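These are the residues of each chain, in order.
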Amino acid sequence: MKIVLDHIMPVPLASIKHSSNSIWGNYIELNHGEKILLNASSGKGKSTFTLTTIGLRSDYAGTVTYNNVDVQTFKPTDWALIRQEKISVVFQDLQLFPNLTVGENLLLKNSLNPVYSVQEIRKMLERLEIEDKWEQQCSLLSMGQQQRVAIIRAMCQPFELLILDEPFSHLDEENTQRCFTMINERCTEQGAGFVLTTLGDDHKFKYDKELKL
Amino acid sequence: MLNKLLYKNQDKKQLVIAIIGAFMGITFLITSIHYLIKVNDFGKGSDILGPNTIIVQKKVTNSSSLNMTKTDFSENEIKKIKAEPFIQDVQPVISNNFDVSFETADPMVPRFRSDVFIQTVDQKFLDVKSTKWHWKEGDKFVPIIMPRDFLVMLNTFMSSSGIPQISDDLAMDIKFKFTLKGETDKEWVDARIIGFTNEVSSILVPESFMEYGNAKYTSGKEKKITQIMISGKESEFGLVEDLLKKRGLESKNAQMVVGRLKSVVGTLFLVVLGISIIAVFVSGLVLIQYMQLLMSRNAYEVRTLLRIGFFPQVVIKSFFLYFVKIFGIVSSLGLLVFFVFKYFLDTMFESGGLYIDTQISMIALISLAGTYLLFVLASYRTAKNGIFKQY
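Chains as they are written, first to last, in my numbering: chain Z, 962 to 1174; chain G, 1179 to 1569.
Pulled out of the complex, with its shape left as it was, chain Z reads as follows (with noise of 0.2 Å):
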């Protein structure tokens, strides 16, 4: 899935200043199985990059497409067709349920469009060394173990891109390391790509492209 923001520039990021190779009113491909970096200070607009991807804002100028189509012209079951089957999303603030286990919220993810066993998510679990926690609820979770079932989560369906809204923030380098490691088999293992926003830290990851805001 090829991915174009053409000359994009938020509402609330208009009055702002940006440089000239700023993705904001600038052509921006994103390529498919390409993996991408977006790095950037607080209040560039990292966020606002991945909820105006992935149609969850709709105050912009300029024209977003998917394989040359506008995302303005999708319907909201077209919406939640490509939510589960090619674009998922680590959000910064996660999206978890806090009143349901961290199995509960899971499964009820990868019961859209199985792609695991209770098994292998399970598994997953215990590789980021969380596997105790399936029967907790989400809102007992401290921030770190809620950023690693969000990261498994958005895992639990199949996709050719993953966005990544500063999902290691709260976590120290070895479980970062952990996670771009299982985040990265992933695409590799589905032909997919990423775009990983962060806050100016590259964890030493080797990244297709760079883009800045």
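Because the hints were derived from the structure by calculation, they are not lab data.
Any given hint could be a false lead.
[As the list claims (entries may be wrong)] Which chain Z residues face chain G? A few, computed with CB under 8 Å, are given here:
hint, residue
1, V965
2, L1017
3, P1037
4, T1038
5, A1041
6, R1044
7, Q1045
8, Q1056
9, F1058
10, E1065
11, L1068
12, K1070
13, V1076
14, V1079
[As the list claims (entries may be wrong)] Below, simulated DMTMM-like cross-link-like pairs (lysine to aspartate or glutamate); rule was C-alpha separation at most 25 Å, straight line:
hint, chain 1, residue 1, chain 2, residue 2
15, G, K1359, G, D1317
16, G, K1402, G, D1293
17, G, K1562, Z, D1020
18, G, K1182, Z, E1065
19, G, K1567, Z, D1093
20, Z, K1036, G, E1479
21, G, K1423, G, D1250
22, G, K1310, G, D1300
23, Z, K1047, G, E1479
24, G, K1182, Z, D1054
25, G, K1423, G, D1267
26, Z, K1165, Z, D1054
27, G, K1182, Z, E1096
28, G, K1424, G, E1253
29, G, K1359, G, D1284
30, G, K1186, Z, E1096
31, G, K1182, Z, E1081
32, G, K1567, Z, E1096
33, G, K1355, G, E1428
34, G, K1182, Z, E1092
35, G, K1190, Z, E1065
36, G, K1567, Z, D1054
37, G, K1186, Z, E1065
38, G, K1186, Z, D1054
39, G, K1182, Z, D1093
40, G, K1562, Z, D1039
What you are looking at is a predicted structure, and each value in this text was computed from that prediction instead of being measured.
Here a beta-carbon is modelled for each residue, glycine too, at the ideal position from N, C-alpha and C.
Starting from the known structure of chain Z, fit chain G onto it as the hints suggest.
Here is chain G on its own, set in the frame of chain Z:
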């Protein structure tokens, strides 16, 4: 899991109140509609006269016996009665203006002959098929509706003559004939009974037969209208009764008692029906409002479900089915309690001598289905609007 996510942490107090209200409303709604229909149908078909119909005449007093007051109805009086809002129709009862006698004309039955009084009323007051109730010159026989008292009299005569008595059905097979007499002419016309009435004391004949007799064998005297038929509106019989009192009119007591009873019971059920409609409407609104509240309390959950890829229709369906199931259970319970009520009320009516039809009224069931359908539609619209608001 979706159910746990959306409905587990809700304050159910408001829901319980709405459910109780809806249950009571539904129960009384179906009960009142059922009995309103059954009470209005009471007496239908038992007589050839239509429901809520009475024959009235002016009260005979000493002054009218002395010809000081009139006992006939003027056109103006009929018009005034007809203009009352609770009156459906008023028509004069036309009597014969010629001599007529009635006799058996069947070899199986002993001869019985009597001078009689015949009358005709507008067909719309009669509960009889129009194909049976017509006559024209040259027809084989004239259809007649007989006062039941006449059959009793005939049976008394048969019994005293040592002949077996006859039933209603058998009486309808017996051949009779009228003898119409004028100043110089005489004519015989065969007659057949097609029904009986308790409400009229004379033999009823089709209008065309009366016109024929009155035109051909008239005695020449002007015929006065001394009886009229009044058809009152459902549940407003009390007003008809007041009118009769005010105008010094009278009717057969049995007709009045049934009319009064139907009117009182009908009004009672109408009041219950009104209250039930309000109760169902209000509780339905509370349920719908509760659905909106639940959706707004779950705004984050709904939004997140849509963000992670749930189809809006799946979330709409979840809310919609949750409330439709609740209302379905409430309606079923209401229907069940209605059957219990019905058992006790039918027994109560029967022990009081009111033999109303005990079959379930289809209209009551259709009303319940209609109420349910309305709620289903309202739930769907509310769920759809609520979910798309979070989109």
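Results of checking the hints against the structure:
1. At a threshold of 8 Å, the smallest CB-CB gap from V965 (chain Z) to chain G is about 22 Å, leaving the interface hint violated.
2. For L1017 (chain Z), the suggested interface contact is upheld, since its CB lies about 7 Å from the closest CB of chain G, less than 8 Å.
3. Here the hint on P1037 (chain Z) is kept, as its CB sits about 5 Å from the closest CB of chain G, short of 8 Å.
4. This hint holds: T1038 (chain Z) has a C-beta 6 Å from the nearest C-beta of chain G, less than the 8 Å allowed.
5. The interface hint given for A1041 (chain Z) holds, since its Cβ lies 4 Å from the closest Cβ of chain G, which is under the 8 Å cut-off.
6. Of the supplied interface hints, the one on R1044 (chain Z) holds, with its beta-carbon coming within about 4 Å of a beta-carbon of chain G, less than 8 Å.
7. Because the beta carbon of Q1045 (chain Z) sits about 4 Å from the nearest beta carbon in chain G, less than 8 Å, this interface hint is met.
8. The beta carbon of Q1056 (chain Z) comes within 5 Å of a beta carbon in chain G, closer than 8 Å, and the hint placing it at the interface holds.
9. Interface hint at F1058 (chain Z): satisfied, since its Cβ lies 6 Å from the closest Cβ of chain G, which is below the 8 Å cut-off.
10. A hinted interface residue such as E1065 (chain Z) counts as satisfied when its beta carbon comes closer than 8 Å to some beta carbon of chain G; here the least separation is about 6 Å, so the hint holds.
11. With 8 Å as the threshold, the beta carbon of L1068 (chain Z) comes within range of chain G, its nearest partner Cβ sitting at about 7 Å, so the hint holds.
12. Given the 8 Å rule on beta carbons, the hint for K1070 (chain Z) holds: about 6 Å separates it from the nearest Cβ of chain G.
13. At its closest, the beta carbon of V1076 (chain Z) sits 12 Å from a beta carbon of chain G; the interface hint therefore is violated under the 8 Å criterion.
14. Evaluation of the V1079 (chain Z) hint against chain G yields a violated restraint, the C-beta minimum of about 13 Å exceeding 8 Å.
15. Only pairs whose Cα atoms come within 25 Å are accepted, and K1359 (chain G) paired with D1317 (chain G) is accepted, the gap being roughly 19 Å.
16. Restraint check for K1402 (chain G) and D1293 (chain G): the C-alpha separation of about 20 Å stays at or below 25 Å, so the hint holds.
17. A threshold of 25 Å between alpha carbons decides the hint, and for K1562 (chain G) with D1020 (chain Z) the separation of about 24 Å falls inside it, so the pair holds.
18. The hinted pair formed by K1182 (chain G) and E1065 (chain Z) meets the criterion: a straight-line CA distance of about 10 Å does not exceed 25 Å.
19. For the given pair, K1567 (chain G) sits about 38 Å from D1093 (chain Z) by alpha-carbon distance, which is inconsistent with the 25 Å threshold.
20. Between the alpha carbons of K1036 (chain Z) and E1479 (chain G) the distance comes to roughly 21 Å, so the proposed pair stays at or under 25 Å and holds.
21. Between K1423 (chain G) and D1250 (chain G), the direct Cα distance comes to roughly 16 Å. Compliance with the 25 Å bound is thereby established for this hinted pair.
22. Between K1310 (chain G) and D1300 (chain G) the CA atoms are separated by roughly 14 Å; this keeps the pair inside 25 Å, and the hint holds.
23. Taking the CA atoms of K1047 (chain Z) and E1479 (chain G), the gap is near 22 Å; set against the 25 Å cutoff, the hint holds.
24. Pair hint K1182 (chain G) plus D1054 (chain Z) holds up; C-alpha atoms about 22 Å apart against a cutoff of 25 Å.
25. A C-alpha spacing of about 18 Å is found between K1423 (chain G) and D1267 (chain G), which places the hinted pair at or below 25 Å, so the restraint holds.
26. Under the criterion of a C-alpha separation no larger than 25 Å, the hint pairing K1165 (chain Z) with D1054 (chain Z) is consistent with the structure, at around 24 Å.
27. Of the supplied pair hints, the one linking K1182 (chain G) and E1096 (chain Z) holds, its CA atoms being roughly 15 Å apart against a limit of 25 Å.
28. Annotation: proposed proximity of K1424 (chain G) to E1253 (chain G) holds, straight-line Cα distance about 18 Å (limit 25 Å).
29. About 21 Å separates the Cα atoms of K1359 (chain G) and D1284 (chain G), which keeps this hinted pair within 25 Å; it holds.
30. Of the supplied pair hints, the one linking K1186 (chain G) and E1096 (chain Z) holds, its CA atoms being roughly 17 Å apart against a limit of 25 Å.
31. Proximity of K1182 (chain G) to E1081 (chain Z) is assessed by CA-CA distance (about 24 Å); at most 25 Å being required, the pair is judged to hold.
32. Under the criterion of a C-alpha separation no larger than 25 Å, the hint pairing K1567 (chain G) with E1096 (chain Z) is inconsistent with the structure, at around 33 Å.
33. A C-alpha spacing of about 32 Å is found between K1355 (chain G) and E1428 (chain G), which places the hinted pair above 25 Å, so the restraint is violated.
34. Distance restraint check for K1182 (chain G) and E1092 (chain Z): the Cα-Cα separation of roughly 23 Å lies within the 25 Å cut-off, and the hinted pair is therefore satisfied.
35. Proposed proximity of K1190 (chain G) and E1065 (chain Z) is supported: the alpha carbons are some 24 Å apart, at most 25 Å.
36. Pair hint K1567 (chain G) plus D1054 (chain Z) holds up; C-alpha atoms about 21 Å apart against a cutoff of 25 Å.
37. Restraint check for K1186 (chain G) and E1065 (chain Z): satisfied, since their Cα atoms lie roughly 14 Å apart, inside the 25 Å limit.
38. Among the hinted pairs, K1186 (chain G) with D1054 (chain Z) is consistent with the structure: their alpha-carbon atoms are about 23 Å apart, no more than 25 Å.
39. Distance hint between K1182 (chain G) and D1093 (chain Z) is fulfilled; the C-alpha atoms sit about 22 Å from each other, no more than 25 Å.
40. Restraint check for K1562 (chain G) and D1039 (chain Z): satisfied, since their Cα atoms lie roughly 17 Å apart, inside the 25 Å limit.
Hint compliance for this structure: hints 1, 13, 14, 19, 32, 33 are not met, and every other hint is.
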